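**Student:** First residue of the sequence shown: 1, per our numbering; consecutive thereafter.
Note that these hints are calculated values from the structure, not bench results.
Some clues are possibly wrong.
Below are the BS3-like pairs computed for lysine-lysine, each with C-alpha atoms no more than 25 Å apart in a straight line [said to hold, decoys possible]:
#: 1; residue 1: K90; residue 2: K247
#: 2; residue 1: K380; residue 2: K36
#: 3; residue 1: K59; residue 2: K149
#: 4; residue 1: K446; residue 2: K380
#: 5; residue 1: K36; residue 2: K270
#: 6; residue 1: K125; residue 2: K380
#: 7; residue 1: K202; residue 2: K247
#: 8; residue 1: K400; residue 2: K90
#: 9; residue 1: K90; residue 2: K380
#: 10; residue 1: K398; residue 2: K59
Just the calculated beta-carbon pair ranges, DEER-fashion [to be verified]:
#: 11; residue 1: T249; residue 2: G344; range: 19 to 25 Å
#: 12; residue 1: Y351; residue 2: F268; range: 49 to 55 Å
#: 13; residue 1: E71; residue 2: I464; range: 19 to 25 Å
#: 14; residue 1: S374; residue 2: F139; range: 35 to 41 Å
#: 15; residue 1: I396; residue 2: R300; range: 50 to 56 Å
#: 16; residue 1: K90; residue 2: E251; range: 30 to 36 Å
#: 17; residue 1: R138; residue 2: D371; range: 32 to 38 Å
#: 18; residue 1: S374; residue 2: P48; range: 46 to 52 Å
#: 19; residue 1: Q222; residue 2: D65; range: 33 to 39 Å
#: 20; residue 1: R138; residue 2: P298; range: 25 to 31 Å
#: 21; residue 1: N206; residue 2: I299; range: 52 to 58 Å
#: 22; residue 1: F139; residue 2: A289; range: 45 to 51 Å
Quantities reported herein were computed from a predicted structural model and do not represent experimental measurements.
Even glycine gets a Cβ: it sits at the ideal position worked out from N, Cα and C.
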Amino acid sequence: MIKLMVVIMLLIQVASYAQDKMSGSAFIGASNIGGKNYQQIGFRADLPMGKFGFGLDVKINIDDDGDIREEDWDDFQDYFDLIYYVRYGKKGEPFYARVGGLDYTRIGYGILVDGYSNMIDYPSKKMIGLESSFVMERFFGELFINDFKEVFEDKSSIVFAARAGYEVLSGFRFSGTIAADLNQYNGLHDSDDDGVPDQIDKYPENDKYATDLDFYKDKISQDAIDELISAGLIDPTESDQLFSKDKQTAEVVLYGGDVSYPLFQTEFVKLDVYSQIAFIQDNGFGFSAPALFANFGPIRLSAEYRQTDGDFLFGFFNNTYELERASFIGGGSAVITKSDRLEGIPSFKGYFAGASFDVFEFVTCNVSYEDMRSSDLDLKSLRGEILLTDKLIPKISKAKAYYVQNNVEDFKTLKSPRTVYGFVFGYEIASGVSLDYNWRTTFVDKNGDFEIKGENEEVNTYSISATMVF
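Using the sequences plus the hints, can you model the full thing?
**Tutor:** Right under this line is the structure:
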């Protein structure tokens, strides 16, 4: 706790140094983390310092007994979580970099990385990622990393993508991309860091025990344990019989390339034609051709004809990737990764269309739809977001709703591990003070039966807070 107080004092000093330029919010409210309710106090701020900007995100969760949630402060990595992001420059500038929370990351035209977010489990899990880009004369490039903290795992790993390209004199732009997840098993949550994922850990908050046998060996004699096992009162499974994500890895590597050419370009109108192709190692490939991107002032449109040879998905690293990265099947008896799920996917043909636009700075909309078809299977994806600004309705400080469902046969089944939806709503109760409500729903197939049933497989994350903007 002394370390926590020292860190907070340092943050106060930094904030006071930049107070004339700082913007942000302080809040007090309630949140639900892992099914448990907490009172929450904190603040979030952006500290601009020239080309640099620092995003601070300080939250202190207090339980019903008045105790601070220990899991937030029991590891040195937790103190990195106080930094929501550090940035240099802005997207579109000659050099841009952001370290921390990534809300929406897209590399190139999105054939490999399309809308990835490392904040899908926030605030129960906070990741420190990177997105960066540069333009240097005719050279350009992009870099993405999901979470630097994974480097410190027993099985060191990251998810990353790197793209580099060159523009020739005729205006053609050529680029190549490599992307990989060095260990998909790191997508399995392990709260106590004992290597046994929470879904099969009988004691997910205690690193001393993973099975009932572990627990009773520490409490009673072996003879008593044998009697309980014979009576069927104790599961005889040993902890070393369980899957451990610290003892093995599951790697997936992807390669891609694209070429584009500006058909028409003025100050207000831009029209590009492009084509892209990608391969997933030991699996299949897919490509887009023809494909168009158009920008008409506040309106941005894209359209692609897509085709695959099977065992391939467009936008492999998408906005629900951290939910799909790895999961248990067969009642927890086996682990399947997202790359494992590629096996048996047939060849597809179809299309993708996306649009985003602003309406007089009152409403911002983003929507995309993909429809891929084969002789015996259809896969569809839908993503949408609508944001109302504070200029539209007086007293409404913020209002946003979003919905994502990736690679499903139809949209009749709302609940799936590839679904995320939620909303944010804020009401101005006084000048500079807003009462905010934030709700997000995701789904986890805990028993591995490929169906979402029961409240324990629906994860609702919400918070209510009074926020003061400064």
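**Student:** With reference to the structure, classify each hint as holding or not holding.
**Tutor:** Verification of the supplied hints:
no., hint, in the structure
1, K90 x K247, "40 Å, violated"
2, K380 x K36, "35 Å, violated"
3, K59 x K149, "19 Å, holds"
4, K446 x K380, "24 Å, holds"
5, K36 x K270, "50 Å, violated"
6, K125 x K380, "29 Å, violated"
7, K202 x K247, "19 Å, holds"
8, K400 x K90, "23 Å, holds"
9, K90 x K380, "33 Å, violated"
10, K398 x K59, "21 Å, holds"
11, T249 x G344: 19 to 25 Å, "23 Å, holds"
12, Y351 x F268: 49 to 55 Å, "27 Å, violated"
13, E71 x I464: 19 to 25 Å, "21 Å, holds"
14, S374 x F139: 35 to 41 Å, "39 Å, holds"
15, I396 x R300: 50 to 56 Å, "25 Å, violated"
16, K90 x E251: 30 to 36 Å, "34 Å, holds"
17, R138 x D371: 32 to 38 Å, "36 Å, holds"
18, S374 x P48: 46 to 52 Å, "50 Å, holds"
19, Q222 x D65: 33 to 39 Å, "36 Å, holds"
20, R138 x P298: 25 to 31 Å, "29 Å, holds"
21, N206 x I299: 52 to 58 Å, "54 Å, holds"
22, F139 x A289: 45 to 51 Å, "25 Å, violated"
Taken one by one, the earlier hints fail for this structure at numbers 1, 2, 5, 6, 9, 12, 15 and 22, listed in ascending order.
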